[in-house]
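Chemist: Top line first, the protein sequences correspond to chains A and B.
Counting from 13, one number per residue, gives the positions in the first sequence under our numbering.
Counting from 493, one number per residue, gives the positions in the second sequence under our numbering.
Just so you know, these hints were derived from the structure itself, not from any lab.
Honestly, I wouldn't trust all of these hints.
Sample of chain B residues at the chain A side, in silico, Cβ under 8 angstroms [claimed, not checked]:
1) Asp-617
2) Pro-623
3) Leu-629
4) Ala-630
5) Ala-634
6) Ala-706
7) Leu-710
8) Gly-714
9) Ile-733
10) Ile-740
11) Arg-741
12) Gly-751
13) Ile-754
14) Asn-762
All values reported here derive from a predicted model rather than from experimental measurement.
Each residue gets a CB set at the ideal place from its N, CA and C atoms; glycine is no exception.
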Amino acid sequence: MEKYIIRRLLMLIPVLLGISIFAFSILHLTPGDPALMMLGEHAPPQQLENLRRSLGLDEPLPVQYFNWLSRAVQLDFGRSLRSNALVINEIANYLPNTAQLAGSAVFFSVLIGIPIGIISAVRPNSLLDNVAMVGALAGVGMPAFWQAIMFILIFSVTLGWFPSSGKLGGAAYFVLPTMTLATVSTASIARMTRSAMLEVISQDYIRTARSKGLNERRIVYRHALRNALIPVVTIIGLQAGALMTGAVLTETIFAWPGIGRMIVEAIRQKDFPVVQGVIMTFAVSYALINLFVDILYAYLDPKIRVKYK
Amino acid sequence: MEKGQTVTFAKKSILKAMLRNKKAVVGAIILLIITLGAVFAPFLAPHNPIQQDLRNRLQPPSRDNLLGTDQFGRDLFSRILYGGRISLRIGFITVGIALIVGGTLGLIAGFYGGILDHLIMRLMDIMLALPGFLLALAIISALGSSLENVMIAVGISLIPTFCRLMRATVLSVRENDYVEAAIALGASDLRVIIKYVLPNAVNPLIVHSSLTMASSILFAAGLSFLGMGAQPPTPEWGKMIADNRAFIRASHYIVTFPGLAIVLSVLSLNMVGDGLRDALDPRMKNL
Chain A
13 MEKYIIRRLL
23 MLIPVLLGIS
33 IFAFSILHLT
43 PGDPALMMLG
53 EHAPPQQLEN
63 LRRSLGLDEP
73 LPVQYFNWLS
83 RAVQLDFGRS
93 LRSNALVINE
103 IANYLPNTAQ
113 LAGSAVFFSV
123 LIGIPIGIIS
133 AVRPNSLLDN
143 VAMVGALAGV
153 GMPAFWQAIM
163 FILIFSVTLG
173 WFPSSGKLGG
183 AAYFVLPTMT
193 LATVSTASIA
203 RMTRSAMLEV
213 ISQDYIRTAR
223 SKGLNERRIV
233 YRHALRNALI
243 PVVTIIGLQA
253 GALMTGAVLT
263 ETIFAWPGIG
273 RMIVEAIRQK
283 DFPVVQGVIM
293 TFAVSYALIN
303 LFVDILYAYL
313 DPKIRVKYK
Chain B
493 MEKGQTVTFA
503 KKSILKAMLR
513 NKKAVVGAII
523 LLIITLGAVF
533 APFLAPHNPI
543 QQDLRNRLQP
553 PSRDNLLGTD
563 QFGRDLFSRI
573 LYGGRISLRI
583 GFITVGIALI
593 VGGTLGLIAG
603 FYGGILDHLI
613 MRLMDIMLAL
623 PGFLLALAII
633 SALGSSLENV
643 MIAVGISLIP
653 TFCRLMRATV
663 LSVRENDYVE
673 AAIALGASDL
683 RVIIKYVLPN
693 AVNPLIVHSS
703 LTMASSILFA
713 AGLSFLGMGA
723 QPPTPEWGKM
733 IADNRAFIRA
743 SHYIVTFPGL
753 AIVLSVLSLN
763 MVGDGLRDAL
773 DPRMKNL
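Construct the complete structure from the given sequences, taking the supplied hints into account.
Modeler: Here's what the structure looks like:
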C-alpha cells in the first residue's frame with residue numbers, strides 16, 4: 013500500500029510541472045507588454061522599468077520560468093500587484109473559508125444524496141423515484157450562479173431568513189452558499205447511489221439473503237449498501253472538480269472570502285501573481301483529493317487492496 | 493444489399509429505442525423548440541433585442557412584452573430568443589473544437605502508440621489537472637474577455653475527454669481479428685482508420701458530444717456571468733443574469749427567465765444524450 017501511495021505521489025510531479033508551465037505562461041500569453049498592462053497606459057516609464065525588473069521580465073523566458081518555479085516550490089508566488097501583500101499569505105487567509113464551504117457542501121450532499129438514492133433504488137419507478145431522479149437531473153443542469161440568485165431572492169429578499177452575502181461568522185451565513193454548492197453533488201450522489209444499489213440488489217448474494225428469509229431492512233443496509241458504497245465514494249471524490257467550479261461562482265455571488273472569489277477578482281484586475289498562485293493551489297488540492305480518493309477506494313475494496321499488497 | 497438491410501434495421505431499432513424512452517422524447521422536443529426559436533429568432537422576435545426603451549423599464553410580462561423588459565426597457569423574450577443563437581453556437585463550436593482536436597489526438601495516440609501515445613496522454617493528464625471550468629477560466633485570464641475567447645477556452649478545456657474516448661475506441665477496435673487481418677493484407681493506415689476505426693467511434697462520440705454540449709453551455713454561461721465572455725449589449729443568457737441581478741428587487745423576471753432558458757437547454761441536451769447512450773450503446777449505461 014505504501015508503495016502504491018509513493019508511486020502515485022511521484023506521478024504527480026510531472027503533472028504539476030506541466031501545470032506550473034501553464035500558470036507561468038499565463039502572463040506571457042497575454043498579448044501586449046505585461047508591465048504596461050498592469051500599470052495602465054499612462055504609467056511613467058521609470059515605474060514600468062522598475063516593475064519589469066522586479067518581475068524579472070527583462071530576462072529570457074526559460075530563465076524567468078526557472079526563477080519563478082524555484083520560488084513557487086517554496087510557496088513564494090510573489091506579491092499581489094494590487095494590495096502588495098504576499099500572495100501565499102492571501103491564499104492562506106482565504107483557503108480555509110473555501111475549505112469550510114466545500115466541507116459543509118460535501119457533508120450535506122452525502123447526508124441527503126445517499127438516502128435519496130437508496131429510497132429510489134429500493135422502489136424503482138415509484139412516484140418518489142421518478143420525482144427524485146427528475147430533480148437530480150435538474151440539479152445537475154442548473155447553473156450555480158442562477159440558483160444562487162434565486163435562493164437570495166426567495167430566502168433573503170422575500171423571506172428575510174438568511175443573509176445574502178459575506179461571512180461575518182455564524183451558521184446563517186453558511187446556509188445559502190452551502191445550498192447552492194451542494195446541489196450538483198447531492199444530485200450526482202443520489203444518481204450514483206441509485207444505480208450502484210440497483211446493480212447490487214440484482215446480485216446472487218442478495219437473492220441468497222432473501223431466500224434465507226432475512227428481513228428487507230437488513231438486506232438493504234447490511235448486504236447491499238456496503239457494497240454499493242464503493243462506487244459512491246469515488247463519485248464523492250469526482251465531485252471535487254464540480255465543487256471547485258461551483259466555489260468560483262458561488263463565492264463570487266455571495267461575496268464569500270474564499271480563493272474562488274479571489275481568482276475571479278484577480279483576473280478582473282489583471283493581478284497575475286495572484287492568478288498564478290491560486291491556479292497552483294487549485295491544481296495541488298485537486299491532485300491531492302483525487303489521490304486521497306483513490307487510496308480510500310483501494311482501502312475499501314478488498315479486490316483492489318490485494319492487488320497492491 | 494444485405495449490408496444495407498442491416499444498416500437500416502439498426503437505425504430503425506435505434507429510433508424505436510429512442511421513442512420508447514420518454515425522457516429522451518421530452519428532451520428532444522424541448523431541444524427542437526429552443527433550436528427553432530434560435531434559428532428563426534429574426535422572424536419570431538417581436539422586438540429588436542438591443543433596442544432600448546427607457547420609458548418602459550423593468551416591466552412585468554404583458555401582451556406586448558411576453559416576458560417583460562429589462563433595466564434598459566429591452567424586450568426580454570426577444571433577447572432570450574437571440575440568446576439561444578449564441579448558446580447553441582457556443583455549444584457547436586466548442587464541441588467541434590474538442591471533437592476535431594481531441595479526436596485526432598486520440599486517434600494518433602491509440603493508433604500509433606509508443607512515444608506519441610505517451611506524449612499525448614501525458615499532455616492530457618496535465619490538462620485534466622485542473623477541473624474543466626477552471627482551465628477555461630485560466631485560459632481566459634491569458635487571452636482576455638470576449639465571446640470568441642470563451643469558445644476557444646471552453647473548447648480547449650473539453651479536449652481531454654474526447655481524446656481519451658477516441659483512444660479507448662481505437663484500442664478496442666484494433667483488438668479485432670478483422671482489423672488485424674486487414675493490416676496483414678496490407679491495408680494502409682488511412683484505410684483501416686476510415687473503414688474500421690471511425691465507424692466504431694461514431695456512436696460513443698455522438699453520445700459524448702451531446703452530453704458535453706450541455707456542460708459547454710453551462711461553462712460558457714458561467715464565464716459570461718463572471719464578465720469574462722459576452723460583452724454588452726450582446727443578449728447572452730449568462731451575461732443577462734449578471735447584468736439584471738442588481739434589479740431583482742424591482743423585477744425578478746429578468747433573472748428568472750434567462751436562467752430557465754439555460755436550465756431547459758442543458759436539461760434537454762442531457763436527456764437526449766442519456767437517451768442516445770441507452771439506445772446506441774447499452775454497455776455505456778453505467779458510465
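Chemist: Which hints, by number, does the structure contradict?
Modeler: Violated hints: none; all satisfied.
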